Amino acid sequence: MSSSTFTFATAQYDSGDWDSAPLVPPNIIDTIARYTEIEVSPTGVIVALSSPDLLRYPLVYLTGHLPVRFSDAERKQLREFLDRGGMLFVDDHNHDIDGVFHKTATEEITRTIGEPKLLPNKHPLYSAFFKFTDGPPTTSHELNGWGDNLVHKNLFAVMREGRISVLYSSKDYSSEWGYHPDSKRFQSVDNTKFAVNIVVYALTA
Amino acid sequence: MTALERLASARATLRAAVALRALFWGAAIALALLAIAGTIDWLVGAPRALRMIVAPAAVALAVIVAALALYRGRRVRSTAAVALWLEERVPALRYALVSALDAPVSSPALEREIAAVQWSSVIRRALGDALLPPLLVLAAAATLLFALPAGVRARISEPRAGDALLRASSAPAEPRNRLSPLVAEVIPPPYTGEKKSTIDEPSSIGALTGGHIILRGQGDASGIIATVAGAAVSSLPRDSANTWHLDIVVPAKPAAVELRDRRYSRSLILAPHADSLPVVTLDSPARDTVMRTPKGALTLGANATDDYGLDAVWFEYIVSSGEGETFTFKSGMIHRVDAGNAHAVKLTGSLDLDSLQLKPGDLVHVRAVARDRNNVTGPGIGVSETRTIRVPRASEYDSIALEGAPPPDVDSSQLSQRMLIILAEKLQARRAKLPRADVVKESQAIGSDEARLRQHVGEVVFSRLGGQQGTEDAGSNSAGSAHMTPDQLLAAANAATQGSAGATDFGGDETPVVAVNRPLLEAYNAMWDASRSLEVGEPGAALPPMRIALAAIRRARDAERLYLRGKAPVVIVDVSKVRLVGKRDDAASSPRFARAALDSSFERRAARFDAAINALGTNPAAAIDSLLALRVDALESAPQLAAALAPAIDALRAHRDATDALVRARRIAADTTVVRIDSPWGGAW
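For the protein sequence lines, the chains are V and F, in the order given.
Quick note on this note's numbering: the first sequence kicks off at 1 and runs consecutively.
Quick note on this note's numbering: the second sequence kicks off at 206 and runs consecutively.
Excised from the complex, chain F in its bound form (with noise of 0.2 angstroms):
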């Protein structure tokens, strides 16, 4: 082996040393601290936050400190430096190394001369002198590490909500106050769906009525006595694996939990939440209405809501008829779905009225209604708005000016002339901007309205030619036009049309039945020629025809219009009746004022608040029990200042400043809003 090549070697083990030393720093200097937050932890406690932290700053710091060693032992990246430094350490070498080293072709006599001197021990002694600081000193760290309770360990590798009863206390067992850490497990009912959650040192608990809350703290539960809103709870604190636990029902009201060991005590809230009924809206029929002639269907639309899942919903219906002192009901349950647990369902269908056999003075109501999965406090079932359909009498001299049902459903799908031709004008304006194709396609959609459009139109017209319902391919057999083909009526609606300006005025031969639908036969006429440019993709055409089709629509309209003329019916109103004040003529109406403050319960809490907050001096923890159970008074009948307590009792119990955090309650607490009613009319409804 050369001079060159057992430098190489030598530079080779250092390197080594240099990058185990680096890994040993790291490794133990991350060990030492977890081993110190855990002996910290241990004997003290340390906060989930702080427990955080510790494992990424280990790491971290590890990485720091790794690299810190990696750059103190950097020379040996140089061969010359690593030759630099054997001479210095072995003087007999007499620079030969780095004369060997510098030498452009080697030389015997120096091959000679360092073959001579052997340094192998002094790499040997580097290599201890680097590598034995950081293995005493990382397994010093594991030894410690290792020797702590085996929960304290978990606590700072995995800190987790709860794990505070994995902390093996270093206080002598019989003192220790059981009820100190707490935890609790929050499970909500099954049906929900939803994971359990839990929360250190609770001192308010949020949750699901029906579901299950958990306590458990540490040591066995002998002495232990809880109760809730001051009844003593079914289940008694039972013993598991060297902890104690307490399962609560949770309670449909507010209520404060209170536990006992010896001379401790402990208060919490119990805050629950009720599942939300089912939110049902009904959209269709979407108002009351009257409808002189019962046929038909129904159309039923509703949406339902819930916050945790829905069962089922469906319609509802409620037929009553008679009148005076006799009524017969029947009813029914429609369309019914099965939700499968989704949170909203569209629910649509129909109410065959032909099938309700209705008469006169019948009433319909409808209704949807929904039913959520709770089958612990449950289920909820929620339900819209009532809608009631109303068949007059003729008697009910005032129904015939209500048809407030909405068109059936083939009148529904055509739209108006208005509407086509705003529709035709739009297409017209962006058909420079669409492709011929596209231009095309909306064009035949609107002129397959038109044609719908025309074909109503139609039929009006020939069944008013023919005496009875017709079609435009149907004719009629009629006196009136029995000679009369569709082609024929077609003529004769294009001689009206092209007869003089005047489209209602009788004139010519033409006959009065031709006369008086001319309007309607120019309409029938022109919306022929609208829907044939349509057809071909022509709207700019099709305008003309079908303006001239509106306007004779208006013509027919304005013609036959009958408006109510003469004396108008005069209907007193009986003001008191309405006001329901009683029909005494000498008994006025009670006038109403403004009501006086309802109670003084504001008044009241404040002055519990104001005892707490003087009693904060003197007995602190009693201070905060009065805090609590105020707030467990106020969870139902003032939100606003439960809310407000909830941090300013988390302050005081973790002896922070809860100055703010009181000041505010104290403000809600005391609220004294005064209504001002300054209206001519204030106070009076």
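So here's chain V without its partners, still in its complex pose (with noise of 0.2 angstroms):
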């Protein structure tokens, strides 16, 4: 595989349940290959929030229910991996804005790099690949009412000249799309293609 190859890096942090959702990558990766040319590695992989290998990856992503506390050491590795350029994507997978979750890996990035703030919805993210004109796409657990019952109608971010550096969602895109990518033909709008803008947007921006 070459060096080039675009390898999706889910992040494992020694507290909460990091591994939520793991058919996130999968799908992700699915989904990749499916829009675009990148060239994909065929699964994804784990990596310590504390490893040097964290750098080896473009973009990671985290995720789960629980409290989230990072250890010192992952601490600094996550912020040596933000201050080289690496792009890190939170999802609160509870969907809920006064879960655990939510609070605690807020603070903890607020902590590490800084404190997200409102990411406007006509950011390039949101047309790095496909357009997106009323921000990021709602979810079904938004839409049917459940964690804190609120359609979320922006992301979050942390920018680093000009850059998002950690992005940062309430939607529960975890729950969007944790779903065996073989079952991706069953739905008449792929409600995945907002990954691609993420990655692209990892890789360019």
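Source of the hints: derived by calculation from the structure; they are not laboratory data.
Fair warning: there could be bad hints in the mix.
Unchecked claim - Straight-line C-alpha distance at most 30 angstroms; calculated BS3-like pairs for lysine-lysine:
1. V:Lys-153 / F:Lys-551
2. F:Lys-782 / V:Lys-184
3. F:Lys-564 / V:Lys-184
4. V:Lys-193 / F:Lys-638
The structure displayed is predicted, hence computed values, not measured ones.
Mind docking these for me? Both chains are given alone in their own frames, and the hints should help you get the complex.
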């Protein structure tokens, strides 16, 4: 596999249930292969947040339901990863802004790199590949009133030099995209297209 | 009659003469203007824009002239001025009249002197001098105006589109060009309900496909040849009331109409537009979904719009069952509504899933359909996106992770505890500004939702304690709490919630059933407190127990939530299969590159445009026809160019300066836009 191959990485951290959405990585890999010519690895990898291997991946996905408490090693390694231009995509699997994941994850992100701020819905992220004129696409969990019973109009982000360093979502894409990629054929509208924008943005911005 | 009475009589006569003179001059000038304009129109023809202002100008001029005439005769308002005017014209008065007018008392001597003098002849002569000239002008103008052909008078007095045919040409009949003037009457299809319109001297006619265009010209129809898109039209020109007319059905595609009359020819473009299909959007269900237990009713909602009116709207469903090589289908149409020519219709309904008797593996496809009233080229049928409801088989291992269907109505009507807190907080914040009655009303509405939510929580608790589905009123008969009435359950809930701070820790002598459900019991109890406060219009007092209830619900959820732990399943994506590039290991996926320019149509159009421009100097008519033909071709393939050519052609035909329009058209015709691909992924997708 050449060094230019994109490999989807899921962050493993000591606290919480980092592996709560195991079907999201293959689903995103399938989507990347389906819509783009990006050389993509057929399987994702799990990389410990405290491992130097973190620096080998341009985009790292982090999710869970339970409290997130970074260890010092994790925080240090994550900070270096972000300093070197990596992008962290954090999704609240609880879809609950009063939930423990949201409170602790945003606290840890703020402590590590800075406070996530509202990302405008006209940000280039939403036109990096597909056009999302209304901002981030809604999820079934939002529309069905689960979790915090709110439809989140925006994502949040920590910016560095005009570029998204940490993308934070309360929309629960981890549930929305958590199905086997073979089942995508049953969907008349592919709900994973936004993942392409995240990957393309991480690789090109 | 005294001298002053005679003077007053003379003054009244002169005043009437001044008024009549003003009236006659105003009318004479107005008629003269109309007659002159009509004569000019008859001789050389006047554009409608000019004719439109003739009548208002005539009225304005009449008013101005009449006002001037009144101003000139203003002296008759003064009795002294009239007396002097008479003294000037009747010397025999020897200033007796002005003396009598100035005398403070009547003098018999003066009266006798004035009575001896008659001035009626002077008055009559003055009347003749004042009224005769305007009457002569008025008669001459009226004679000229009524001598003009009737059509010309109508064109001047009531100009309208299509009245070019009313103008009787002053030229000899034989060499007259019967293709000018030309009037087009555009008649939309009856189902649209739109009015017909008329276009003078058309060069391009936009009309709805299936409608009619009637071209009219002066003279008889013999010898006039018409072709549409190079083929002779089926309906030949026919005579009617000293005009010929040609009825053309608006075709589906743009076409050029060629008219020939001996050595004269004329081209015009038919630019049809089609009746749009109805636009249908399916609002509910909002997306595809998977249902493990397909029961109940599926709410359906759709919106349909159409440009000319809808005939009917309905939902369609298809149920496919089976697997492998054997599939069966059944379909149906439900909730059909006659739209009654409405432009927009909102359709709602429900699909009874029980009646479909769905089995695992079945797929239900639902869509909304609308039909318009187009009975000429239609009917146009518009359909929405299709939503699919899948009933998964047990073997479809991922299906259990998906429950995308919206909650059933009974659940969706319930607001969450969090939302109720938000509503109560907002009400509390607005409380000072609201009348007490409104506060109580809104508070009771929140309380009603709170009660429904409490009932739902109660169902969960009681069904657990009782081992079966139940309500807070029904209780249970199972072994776990057969002896407990709802009051006793509440007492147990009270006892449980007033225990230790550790909500989920078992403690004391409480039963495990109560202990496990203690957070929910605590929530249930707090909801009672909140409901009571909300019912009496005290949202502020309700907030603390509502927050306690929310916290308890969360604890219950956290206590019971199961999280997947351990090794994640490894799913290997077959990238080649996803990209549809085959299975051979020795064959790599073929790279995709940015395509070259598709064709040289731009170049061809630019060349034709240049040729037409070059011909402008030597044969303008041919050049205009070439531009018309280019526009016909461009209407479909390059609408921007077609739009830019229209003003250029109109300007050339009207012998106006067409430079700007031609330059603009040339830029569009020779568009050399180059697509830059400098992204690392450029052109790969």
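A quick look at each hint next to the structure:
For the proposed pair Lys-153 (chain V) and Lys-551 (chain F), the alpha carbon gap of about 27 angstroms is at most 30 angstroms, so the pair holds. Distance hint between Lys-782 (chain F) and Lys-184 (chain V) is fulfilled; the C-alpha atoms sit about 14 angstroms from each other, no more than 30 angstroms. Note on Lys-564 (chain F) and Lys-184 (chain V): the hinted pairing holds, with a Cα-Cα distance of about 21 angstroms set against a maximum of 30 angstroms. At most 30 angstroms may separate the alpha-carbon atoms for a hinted pair to count; Lys-193 (chain V) and Lys-638 (chain F) exceed this at roughly 48 angstroms.
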